[in-house]
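Novice: Protein chains in written order, with the working numbering: chain A, 10 to 369; chain B, 6 to 846.
Please note that the accuracy of each hint is not assured.
Unchecked claim - Just some of the chain A residues that point at chain B, by a computed CB distance under 10 Å:
hint: 1; residue: P45
hint: 2; residue: L89
hint: 3; residue: S219
hint: 4; residue: P231
hint: 5; residue: G284
hint: 6; residue: A340
hint: 7; residue: W343
hint: 8; residue: E348
hint: 9; residue: T349
Quick caveat, the hints were computed from the structure, so don't treat them as lab data. In this text, a Cβ means the ideal position worked out from N, Cα and C, and glycines have one as well.
Letter by letter, the chains look like this.
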Amino acid sequence: MTELMRPHAEQEHADELAALVRVDDRPRPPSWRLSPWAVVTYVLGGTLDDGTVITPKYVGSRRLVETAVATLATDRALLLLGVPGTAKSWLSEHLAAAISGSSTLLVQGTAGTPEEAVRYGWNYARLIAEGPSRAALVPSPVMVAMETGGIARIEELTRMPSDVQDALITVLSEKSLPIPELGSEVQATRGFNVIATANDRDRGVNELSSALRRRFNTVVLPVPATAEEEVRIVTRRVAELGRSLELPPADGAEAEIRRVVTVFRELRRGVTEDGKTSLKIPSGTLSTAEAISVVTNGLALASHFGDGVLRAGDVAAGIVGSVVKDPVADATLWQEYLETVVRERRDWKDFYRAARDEDR
Amino acid sequence: MTRVDDTTELAPAEESVPADAVVGATGPPETQPPVRVLGIRHHGPGSARAVVAALTAHDPDVVLIEGPPEGDALVPWVARGLEPPVALLSYVVGDPTRAAYWPFAVFSPEWQAMAWAVEHRREVRFMDLPAAVTLAPRRAVAQEALPEDAPIRTPDAPGDGDPAIAPDLAYENADPDPPSEREQVRTDPIAVLARTAGYDDPERWWDDVVETRHGIDPFDAITEAMAELRRYAPPPRSHAEQVEEDRREAQMRTVLRAATRDRDRVAVVCGAWHAPALTGKLPPASHDAKLLRGLPKAKVATTWVPWTHSRLAAASGYGAGITSPGWYQHLFDATDEVVARWFTEVARVLRRHDLPVSSAHAIEATRLAEALAVMRGRPVAGLDEVQEAALAVMCDGSEPVLAFVTNDLVVGERLGSVPGDAPLVPLDADLRAQARSLRLPVAPEPKDLVLDLRKDNDRGKSRLLHRLRILDIPWGRQMAISGTGTFKEGWRVQWHPEFAVAIVVASGYGTTVESAATACLAADPGSLAEITSRIEKALLADLPDALPPLLAALDQRAAHEADIAQLMEALPALVRSQRYGSVRGTDTTSLEAVATGMLARVVAGLPAAVGGLAPDAAAELRPHLDAVSATIGLLSDEARSLWLGGIRKVLQRADVPGLLGGRLTRTLLDAGQIETAEARGALGRALSHGPSVIERAAFAEGFLAGSALLLIHDRAILSLVDAWLAELAADDFLEVLPVLRRALGAYNQPERRALAERISALDREAEPEEVEADLPLEDLAEALATVRLLLGGGTGGGTWAGHAGGGGTGERGTAASRLSEGGNNEGGTAASVTGGGVTGG
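Pulled out of the complex, with its shape left as it was, chain A reads as follows:
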C-alpha cells in the first residue's frame, strides 16, 4: 500500500486506465488519451473485452456522464453544479484523469483567489534580474493546460471574485491567453478544456456573469435517484471510512442506514417515499455526504459508548443535528415530520422515541 494519504485518481486507477487505452479502438478527440466511450466506461465501470474489470467511480445516471463527456468533446467548457456532497469534485477529478491523464491542473476557487491563479504570475527575482521574459513567467494551471492540451479543473468557481472569474472569458471564447507584458500570447492546443464545479446552494456568492455562463454547458449532479442507490453509496463509504478510522464494525447498521437515508430523502424531496404526505423542506442540504457522517458518528457512539449495535438512539442525535439548522423553522418542520410521518410508521417506534428524547 502506498504511503500517500490520498493518491490522485490517475495514480490510484493507473492499471484501469492502461487497460482502457489498450482495448480502446474508437476515435479519440485531439489530445484525448481515451475515446469518449472509454471515458464513460472508466467513470461508470464495466468489464472490458479482455476481462479487465473497471470499478465504478460515480454511481448515478449514465445520461449525465454522457452529456458531460460529450460536452468536453465538443470543446465547450463543463460546469458541474450540485448541492454539497453530490460528488462534483470527485467526478471532475476522474474525468480529467481519464481524458488528459492528469487531474492535478487544479485551481481552488476561494474568496481570495487572485487573477494569477487563472492567468499567470511572475518570478519576481528573475523579473527584476532579467526583465520580463517567458522564463520569468509563472504559468497558472489553466495556462499549462492550454499549452499541453489538457484539462484544467476549477473548483468552486462561484466562490472566486467576479473579476477573476471573468479572466476565463477570453480563455474560453478565444482559446488564447494574451501576455501583454511580453507582447505575446499562449494559444490553446487542441484538447484543452475546463471543468468547473460550483455549489448551487450558495449560487448567490459570486453569480457567474452571463458572458461566462454562456461558455459553459451545465450538468446538474442530482442527489441519488433511488433509495437503494443511496443506501449503497452510504454503506460503501461508511465501510471505507470505518476502516480508516479503525472503528469496529457494528451490527444492525443496515437497517439504520436505510432509515437515515429514508429520512434524508424524504425531507430533501419534501414528500414521503410513498408519495402520500408532503413535507416542508429544511434549510440544510441533507446531502448523501451528511448521511454518511451521521452513520459514521452513530457507529462511533455505538462502539465506544454503546453495546456495539447501531441503534436508533445512536443516529437520532445526528439526524436532528443535520435537519435542524435553523432553530425555529427547521425545528417546526422536524416536529411536523415526527408527528405526521415517523409516528405513523409502526416499525419506527424506537426512532420516534429516540428523536423525541433528543428534542427535549
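With the hints as your guide, set chain B onto chain A.
Specialist: Positioned in the frame of chain A, the structure of chain B alone reads:
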C-alpha cells in the same frame, strides 16, 4: 427493380411489376385486384408521410382504415372544419360512461389517409370490430370493476395489441406497470424493432432507416419484419386477449374481402402488427365468419370530439399514448435540419418565458446533441439527445426551465376543434337524459325552483345543477330563499343556446356530467382557498371521486403553508365539511385523515407561532385556537390527545403571551387534562409572577373567559382572583379593569347572579381550604366589593341584592350601572368606577 417514387406517374409502372418484386406478399396482382397493405405505427409521423406517398402511388379506389365502421359516415367531416387533434368517439346510447375513443393528430397516418381519401374523392371504410361489439356489455361488466383515475372512461378491453387506439385506455389505467417488452411487441412493434437497432426514439429510427433511403417503399419490408416478429412473439397475457386479437383480424379480413369484391384497387392502413394477417392468401371467409358469429352488440352512437395533444400524451393517463406529440409534429413538419430547427424552436420558447437565449446557444446545443448521438452510436440525434442538450446548454441544467420546453414544445399543447353542427356529443346526450328523468325542462324561459333536498328527485336536480356549474354551464343560478332549514335550495333555471359550446368544451373532461365534473374539479386545483372551495363544491355536487386528488393537493399546500393561523382557519371548515359530507352520505374518512394530518402540522408549528406574540397578535390568534378546540371533538380521540398534548407543550414555554396562556390552561382544564389544583397553581403563578400587570390580567382574561361555572364552583380560584384584585395598586387596577370587563362581561345573567352569590358567601364564610387560610380575608373587602361591582351590573338576589337595592339601579348601583352601560367607553367609565369602588367599599 422498380422503385415506387411518390409520383403518380409511376403508379401504373408499379402495377406492371411482378408482384413479388415490389408488392411482396400482397398476392398475385394479375388474378386479384391489387391490394396494398400499409402497416403503420399509430401516431407515427414517419408512417404518416410514407402512407401519403404510398397512397398517391397506389391510387386506390377505396381506403380501408383500422377503426370502428360506425365512423364511416363521419369521414366527410374531415373536410368540413375538423381540426386535429380530434377523436372519433363511440358511446353506448343511454349509458355514455361506456365509450371508446380513437384519437387522431395531424401526423397520425390514419388521419393522413382519411384526408387523402377525402381530397381525392375516394371512399373510406373503417375495418376494425364495430364499436357496438367492443362496447357490448359482456366486456363492460368486467371493466366496471377496474379502478379508474383518468377523466376519460372507456369500457373496452384491449387485448389486441393496439393501444395507440383508445379502447385500451381503461385497461392501461388499471395496470400501473409500464408495458413490458413482451407487451410492446404487440402495442408498438416498430418501437421494438427500433430498440433492437439501438434507437430510443422509434420515429428517429423510422427517419433514419426508412425515410432517408429515398424511393424504397418501406411497407413491404415492414410487413415482412412483422411476420417474423409475429412468429416469435410471446403470446398475449391471456386467452381472452388472443381471442380478441383473432376477432379483430377476422373482421379486418372480412372487410378487406368485401372491398376486393366490389372495388378494383384497395389500400389498407392498419397497425403494423396486423399487416401480415391481411397480406398474402387470406384464410377462407368461413373461418373468419365463424369467429365473428354471434357477438353481442350494444346500441352505440359515434361522433367527433375535440382532443388535445396532452391527452395524446401518456402523462394524462392515456397510458398507451405518445409522450411527445409536439416532437412528432415537428418531425412531421420539418423536412430537413430536424435538430437545428428544433433548437431554434426551443430558443423561441425560452425567450417567450423571458430567458435570455441566443442563436449561439442553439448552435452549441445542436453540436452537443449530435456529439451525444455519435457517442451513443446513433446516426441521428433523437428526442433524448435534444432534450439533454437543451438542458445542458440552454437551460443551465435547470429542470424547471426544461419543463417549459417539455410542456410548450415536446408535448406542444394544441386543442382540436369540431364544428358546432357535428353530431351530439355524449355529454350533451347524458345531460338531456338526466334532465328528462328529473323532469327538468330544457327551456329558454327562466323558471324558479325551490328544492327540498330530503326528496330524491329534488336532490337529483340540485346535484345536476351543481355539477353543471362546476363545468361552467350555468343553467341554474342559485337564489336566496326565505325560510330556514338547510334542506332547501332555491334555483332559477334558464337554458341558453350558447351552452352548446360550453358542453363541447366540457366534453373533453368526460362523457357524462358526473365524470366530466369530477375531472374538472380535480384538474389544476390552485391555492389553498381554491382547494377548500372545490372540496365544498365536490360535496355539494356529490362527486366523491373528486375528493382524493383534492385532498392530496390540500395536504401538499398545507405542508408548505408556514402561517399556522391560516391552517387553523382552514381546519374547522374542513372538519365541518366532513360532518356535512356524512349528512349527504358521502364517505369522508379520507377527509378526516387529511384533517388529522393538518392538525398535526398545526400542533408542530404552534409553540413557535405562539411564543413571544405581541398582545394584539395574541388576541387575533385566540379565536382560531378556540375554534380548533371547539371542533376537535368531531375528530378522533387520537386527534384530541394530539391537540391537547400540543397545548401542554406550548404552555411549557416561558414566552407564551398571558392571554393565550390563560386560554390554553383553561382549555386543558375543561378537557380534564389537568387537575383543578394544577390550574389553580398556574393561575396563581401567572397572577403573582406575570411579567407585567397587564399580562397578568390578560392571563386572567384568557382563563376566565367563556363560562362562569369555574368561578362559581371553584371557591379556591374565585379566592385567588379575589385576592389578586384586592392587592392591586390603584393605578394598576385602572389598567386592568377593561381587560377584566371584557372577560367577565360575556357571562350571562344567571351566571352573574350565581357568581355574585358566591362572592357574597366568600365574604361571609371563612375559607375552609388551606390555600386560602393564609389570606388576610378581612383586607379583601374592598376588592371584593369591586368584583361584585364588576360582576353586578344589574344582577339582583342574594345578600348582594339587599345591599345594592335590587335591579342594579340602587345607590351602590350607580357606578355599576355606569360600568355596564359604558361597555363601549370602558376606559373613561372605569376611572370613575374605580374611584367609586375603592372609596365606596
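Novice: The hint names S219(A) as touching chain B; please verify it with the least Cβ-Cβ distance against 10 Å.
Specialist: 7 Å, holds
Novice: Is the hint on G284(A) kept, meaning its closest Cβ partner in chain B is under 10 Å away?
Specialist: 9 Å, holds
Novice: Holds or violated: the hint that E348(A) contacts chain B, with Cβ atoms closer than 10 Å.
Specialist: 4 Å, holds
Novice: Go through the hint on A340(A) and say holds or violated, using the shortest Cβ distance to chain B against 10 Å.
Specialist: Holds - the Cβ of A340(A) comes within 10 Å of chain B, reaching about 7 Å at its closest.
Novice: How about L89(A): closest beta carbon in chain B under 10 Å, or not?
Specialist: 9 Å, holds
Novice: A closest beta-carbon separation below 10 Å is what the hint needs, so does P45(A) meet it against chain B?
Specialist: For P45(A), the interface hint holds, since the closest Cβ of chain B sits about 5 Å away, which is under 10 Å.
Novice: Given a cut of 10 Å on the nearest C-beta pair, is the interface hint for T349(A) held or broken against chain B?
Specialist: 4 Å, holds
Novice: Would the stated hint for P231(A) survive a check requiring a Cβ distance to chain B of less than 10 Å?
Specialist: It holds, given that the least Cβ distance between P231(A) and chain B is near 9 Å, below 10 Å.
Novice: Was the hint right that W343(A) lines chain B, CB cutoff 10 Å?
Specialist: 8 Å, holds
Violated hints: none; the structure is consistent with every hint.
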